[in-house]
Amino acid sequence: MIENRPFLNILTHLVMILGIVMIAFPIWITFVAASHDPIRMTQVPLPLLPGDQFFTNMKNTLFGRGLSGTEIAPVWLMMLNSLVMALSIAIGKIVISLLSAFAIVYFRFPFRMGFFWLIFITLMLPVEVRILPTFQVVADLGLLNSYTGLSLPLIASATATFMFRQVFLTIPDEMLESARIDGAGPMRFFWDILIPLSRTNIAALFVILFIYGWNQYLWPLLITTDTSMTTIVMSIKQMLESAEQSPEWNIIMMTALLAMLPPILVVVFMQKLFVKGLTETDK
Amino acid sequence: MAELILKDLHKSYGSTEVLHGVSGDIADGEFVVIVGPSGCGKSTLLRMIAGLEGITSGEVRIGGRVVNDLEPAERDIAMVFQNYALYPHMSVRQNMAYGLKIRGLPKAEIERRVNEAADILEIRQYLDRKPRQLSGGQRQRVAMGRAIVREPEVFLFDEPLSNLDAKLRVQMRLEIRKLQERLGVTSVYVTHDQVEAMTLGDRLMVLNAGHVEQFGTPLELYERPASVFVAGFIGSPAMNFLPAEGIEGGLLRLESGATLPGARGAGPVTLGMRPEHLIADSEGPIRIRVSVLEQLGSNTLVHGTLEGTEREMVASLPGIHQIPEGEVLGFLIRSDELHQFDAATGKRL
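Residue numbers (our numbering), protein chains in the order written: chain A, 1 to 283; chain B, 1 to 349.
List of simulated lysine-lysine pairs, DSS-like, C-alpha gap at most 27 angstroms:
id, chain 1, residue 1, chain 2, residue 2
1, A, Lys-276, B, Lys-130
2, B, Lys-130, B, Lys-101
3, B, Lys-167, B, Lys-178
4, B, Lys-347, B, Lys-7
5, A, Lys-272, B, Lys-130
6, A, Lys-237, A, Lys-59
Please keep in mind that the hints were generated in silico from the structure rather than gathered at the bench.
Starting from the given sequences, assemble the full structure and let the hints guide the process.
Right under this line is the structure:
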């Protein structure tokens with residue numbers, strides 16, 4: 001629908017600009033804070049324009065002489081930890097839910113619907129609810145302070161399984177039949193036909209799951225005690241508490257900026273596929 | 001090249017039986033069309049031959065080999081689906097080559113077969129396109145190409161033309177026929193369109209509610225339909241059916257009281273008269289009160305009712321006629337073109 005009313009145009013733009021400012025302003029403040037030296041950040045009023053210490057701060061933050069008087073790991077290592085965790089969770093979730101959705105949609109086995117509902121019920125059991133028993137299991141398996149411990153308990157995903165099930169259900173039966181006549185076995189069909197056909201959905205899900213993994217806070221906090229295994233998201237909080245003197249805002253804000261970066265990159269680079277995956281219905 | 005033998009095929013879903021013993025021998029290189037109304041089990045039968053549906057009981061033989069328990073890929077068949085079922089993410093070339101690739105044929109051989117099939121179907125210039133960039137007719141060709149490259153013993157077609165527009169359908173129909181004659185591969189073709197069935201098939205298998213009503217050449221079906229069902233299904237416009245009674249002297253008495261010669265039995269019968277076999281004759285015993293005319297140019301369809309009754313009838317007159325509504329016309333029919341069926345069972349007398 002196209003309406004041509006200048007007043008409405010101005011109003012909608014105003015509302016939109018206001019919304020953008022509300023979201024962007026804190027990020028701007030973060031950026032400004034990350035570009036000053038520590039002394040300037042303790043003086044009132046706080047600066048609203050960027051300073052000239054941005055790259056010094058970035059160097060200090062990334063390579064670890066930043067926050068004085070603490071035993072915190074350098075931020076590059078924390079970013080690496082976060083990256084490994086987020087990637088393992090995202091890829092692991094996608095692989096497992098693709099396989100389980102494949103089994104549920106294309107195979108007739110006893111208690112098929114039972115299994116489907118079992119998976120579905122786990123939607124009601126996010127990490128926070130089952131955190132104690134899960135911690136116990138991970139601890140007993142000796143997986144504390146390991147990448148496996150960080151990612152494995154978060155890998156099973158009812159949402160993704162359900163989503164892939166819906167995707168597979170939209171693929172016409174003839175596709176399977178025609179593959180059978182062509183002589184493709186189940187795994188061949190899965191690999192040659194199903195995966196390429198759900199490519200955009202996989203990409204969309206990857207974006208969502210990567211951000212989900214990257215933003216994990218509670219679980220890494222619980223199972224990592226070794227500073228070399230901390231993730232960047234949990235470290236921001238620790239930085240606030242750990243310093244005995246006043247918090248070094250320039251370093252903390254730089255860390256926050258760096259923590260924001262990978263999810264943004266993923267979204268930017270996968271935007272096209274992401275939108276396609278959520279909207280495309282043509283199979 | 002192989003013959004295809006169906007022996008007493010049954011299919012049930014739970015307690016519902018959809019095929020009640022279908023048998024038929026299809027000779028090597030023959031083109032058989034399975035035709036029937038929707039829900040008669042024709043697609044199920046084809047899918048049983050393909051191996052996509054299990055066989056409840058009975059036997060399917062391809063080239064002397066019982067294939068009941070073989071996977072579709074092992075049956076040496078190729079199938080063309082109604083919605084083409086092309087892999088949307090593969091190019092035309094990849095679509096055609098996929099089955100061969102799985103069978104592990106050498107690259108050069110695959111290339112040769114794909115190019116050959118593409119030449120036959122004149123789709124060479126589309127080989128590197130994706131299916132969604134093709135029109136319906138072109139997709140249909142690709143689907144056939146995918147079947148041809150496999151060099152199968154049997155082609156199976158599941159209503160392949162029903163997604164095309166009328167003009168293209170007629171054109172593709174001819175092409176399928178020519179292609180089949182050229183390749184000489186045994187083919188089974190499912191359709192609900194009787195014109196398609198008549199023009200394509202060497203022989204037609206008419207299915208009704210899971211039974212074979214008749215299995216014969218198009219002209220046999222037209223000239224000697226085995227039952228009321230076949231008689232009504234084959235031919236356009238459809239045959240007229242009138243109840244009548246065999247009376248003394250070998251006469252048939254219509255509801256209107258008129259009599260026709262040539263009764264094959266006594267008692268109630270159903271008479272079948274094709275509209276094109278009714279010959280206008282002012283003295284004719286079959287008198288029709290005209291209600292509507294359909295001008296087709298080459299002939300005129302006269303719709304009306306048998307005089308004195310409410311029986312709808314159609315007659316086809318060659319050429320163009322102008323007949324006022326309500327006028328009564330007389331018609332004759334040759335006794336060898338008058339079909340007689342048992343009124344109770346519907347079987348031919």
